[in-house]
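> Protein chains in written order, with our numbering: chain C, 1 to 207; chain L, 1 to 177; chain U, 1 to 332.
Watch out, some of these pointers could steer you wrong.
To be verified - In silico BS3-like cross-links for lysine-lysine, where the CA-CA straight-line distance does not exceed 30 Å:
{"hint": "1", "chain 1": "U", "residue 1": "LYS169", "chain 2": "U", "residue 2": "LYS325"}
{"hint": "2", "chain 1": "U", "residue 1": "LYS65", "chain 2": "C", "residue 2": "LYS150"}
{"hint": "3", "chain 1": "C", "residue 1": "LYS150", "chain 2": "L", "residue 2": "LYS46"}
As the list claims (entries may be wrong) - Facing chain U, from chain L, some residues (calculated, C-beta under 10 Å):
{"hint": "4", "residue": "ILE68"}
{"hint": "5", "residue": "MET151"}
{"hint": "6", "residue": "VAL152"}
{"hint": "7", "residue": "MET161"}
Please keep in mind that the hints were generated in silico from the structure rather than gathered at the bench.
From a predicted model like this one, the values you see are computed outputs, not experimental measurements.
Note that CB positions come from ideal geometry on N, CA and C, so glycine has one too.
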Amino acid sequence: MTKGKELSQQEVARLVRAAKAGDRQAFGRLVEAYQDRIYGYLARMLGDPDEAEDVAQEVFVRAYRSLGKFRGASSFHTWLYRIASNLAIDVARKRKRQDNTAYSLDAPMEMGDEEYDREIPDESRAPDQISEQKQVQSIVRQAVMGLPDKLRDVMVLYELQGESYEDIADILEVPLGTVKSRLFNARGQLKKRLEAMVDTGELHVGS
Amino acid sequence: MTCTQVREQLVELWGEVAQLGAEARAHLQQCADCRREAQSLATARKLLGQMTPGSAPEGFCDRVLARIAEVEAVHLSWPERALGWLWPRQHGPAWIRVVAMAAVLMILVGGVAMLHGGLGSGMNSQPPAMIAAGSAGITSVATRDEDLEAMVLRHQSLELMQPLSDDAGVHLISYTY
Amino acid sequence: MVRSLLTTRFVLPALLAAGVLCAAGSAGAQVDRQALEMLRRCVAAEGAVNFSGIRTVVVFENGVKVEGYEQQVYEKAPGKQRVAVIMSAGEPGRLFVSNGLVQWHYLPDRQRAVRRELPPPSETRARRLAELDELAERTRIQYLGTETIAGRTTHVIVVSTTGGSPMKKNWVDGITYVVLKTQRFDSEGRVKLSMYYTAINYAPQYTDGMFDFVPPAGATVREASDLPERIPLAEAEGRAGFKAVLPGYLPPGYTFQSDSVAVIPMHGRKVLWLEFSSGADSFSMFQRLRGVQIQSRQQGRCMEWSAGPYSFTLISSVSCDEMCKIRDSVRP
């Protein structure tokens, strides 16, 4: 499946080689090719566009500085995603430590790979002049942000970024079965959150 | 089929009832709860699909390259700091730094060797074919690559003849490098 | 009384006969005759069907995707083929062209073209059919049912080791017997290669000269050697002047082809070419007396090392882990 300005495997390999040799323009081409994907992913993981940009910049800076470690065993884009995923989880955890109120429902009781729900709090929203479409998107984004980090990660990568199970397993360095079970759990939880929002009248869904 | 089994399938299929097996569909016809479940999942999928993709903001790439330049400027290696006059720091590609460093090292090594009365014996001016059997030199990489390529081609010929061989066009998948 | 007589005279013998039939049936259950017949038709269909299509190729290592690309494929009977890797931005990708007698493989990024002359298609077909029958003796061939690939109904056939580990799975067009999808598996049953058509057209348009190839100026041209004579091991060792060192470890399903060894010349030295086959897949090990110490190295699917008085080169599509185990078990 084509995603934006896709570079072929050979082009990526050539640009990586050039970038490893210090050619920043070559690395700039790689940034351009993958910036939307990485930024989009982080925006959905972190829920804050400004923070997403900061973290996305950090992803590429770290990638440039550790190009020597990229051996090509993964594809370049899954390697970038891996850096982004690790950073996103770090940021999300730091944020939770700093601000328990907003994200208390997001702190899962992580026991290995099993993550347990907490009760969804009543986050009533005051309707304002934003369009209905934007309102729906905002609520859905909130529901996605409400998922535990590991489940949100898989959901964003699969449902919103369009990555395959195999690539996600590579990115997160977990077995394929774990990807599938996390996605299964994420869908179930997202459904519950959205149902709750429909029930409370926050969300109106057409037939 | 039980409700639990049907609902598991519905989650895997993201509420796509059309992809359920006959037994599961028959259950749905009789079970209002499971029908509601299917509807919720389909709604969740539909809403998720409405999330707009994110694009990196204007100028993102330039900002990344600027940050890299800043970070590189701060993290100079000690030889670059000690011999800063010799290194083009920010203006040239890294290979210039590597070549320059290698040149300095060779000068240093050569100087030390001269002090001790001669260069080392690592250089071999004979072409690879002239190296006698049993000697401890290293085969020229070019010769080995040629031999390796010849062996790869032979192996591919073998593969093409196998009863379950993939068509020859698939052997565009490389065996080397 | 009548009832018991009937039981003795008819039911018991019938039960015994049924038991015998079941036993006989299960002995032949390793090979599904229908599946084998379909594979024969696939071999017969190679180079005999006109079509064009887009094919996706995905390569996996340890169950993780490492490479993927698309190919534009044209085939014209008899035996003409053109396969081009589809690149973005219009640059030339790797190209394979065959006019049925000579095939070319062109790698534009390395400016290299490999030329190979082919035996007559009928000869290749006859040999592959004969080997398919031998394969049926050593593997399990099963028919799994039908699936749709690129809008076509296909028959799915799997070839497995006798232990049940899949080696290769083919999805065969139900009408033309063109293979529309293939999966190959590693020794742990994970997919290592997957190729499938996403679009297929059995009324293709061809352009003049599309099955001919002229190497571009500046390209290095290599000739792929003919298959040398294959002889039994003892005779090959005599010709080479040294004994073969066989690996102590082989991946599951592979056996050494001791009657099929070749001796080839390489830079003035004799090289033993040993073949190890699972039936669906094979790897080669080349052994020679080492004239010089070589540094061990691995490049893609090739591994080279020295041990004792010999140098070895292993070329295979098994996993890197398996290649290391094979290498470590070679003890002169």
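> Indicate, hint by hint, whether the structure satisfies it.
Comparing the hints with the structure gives:
1. Proposed proximity of U:LYS169 and U:LYS325 is supported: the alpha carbons are some 26 Å apart, at most 30 Å.
2. Taken as a hint, the U:LYS65 and C:LYS150 pair is honoured in the structure, with Cα atoms around 22 Å apart against an allowance of 30 Å.
3. Distance restraint check for C:LYS150 and L:LYS46: the Cα-Cα separation of roughly 22 Å lies within the 30 Å cut-off, and the hinted pair is therefore satisfied.
4. Residue-level restraint check for L:ILE68 is violated (minimum Cβ-Cβ distance to chain U is 25 Å; threshold 10 Å).
5. Look at L:MET151: its Cβ gets to within about 5 Å of chain U, closer than 10 Å, so that hint holds up.
6. With a least beta-carbon distance of about 6 Å to chain U, the hint placing L:VAL152 at the interface is held under the 10 Å criterion.
7. With 10 Å as the threshold, the beta carbon of L:MET161 comes within range of chain U, its nearest partner Cβ sitting at about 7 Å, so the hint holds.
Checked against the numbered hints above, the structure violates only hint 4.
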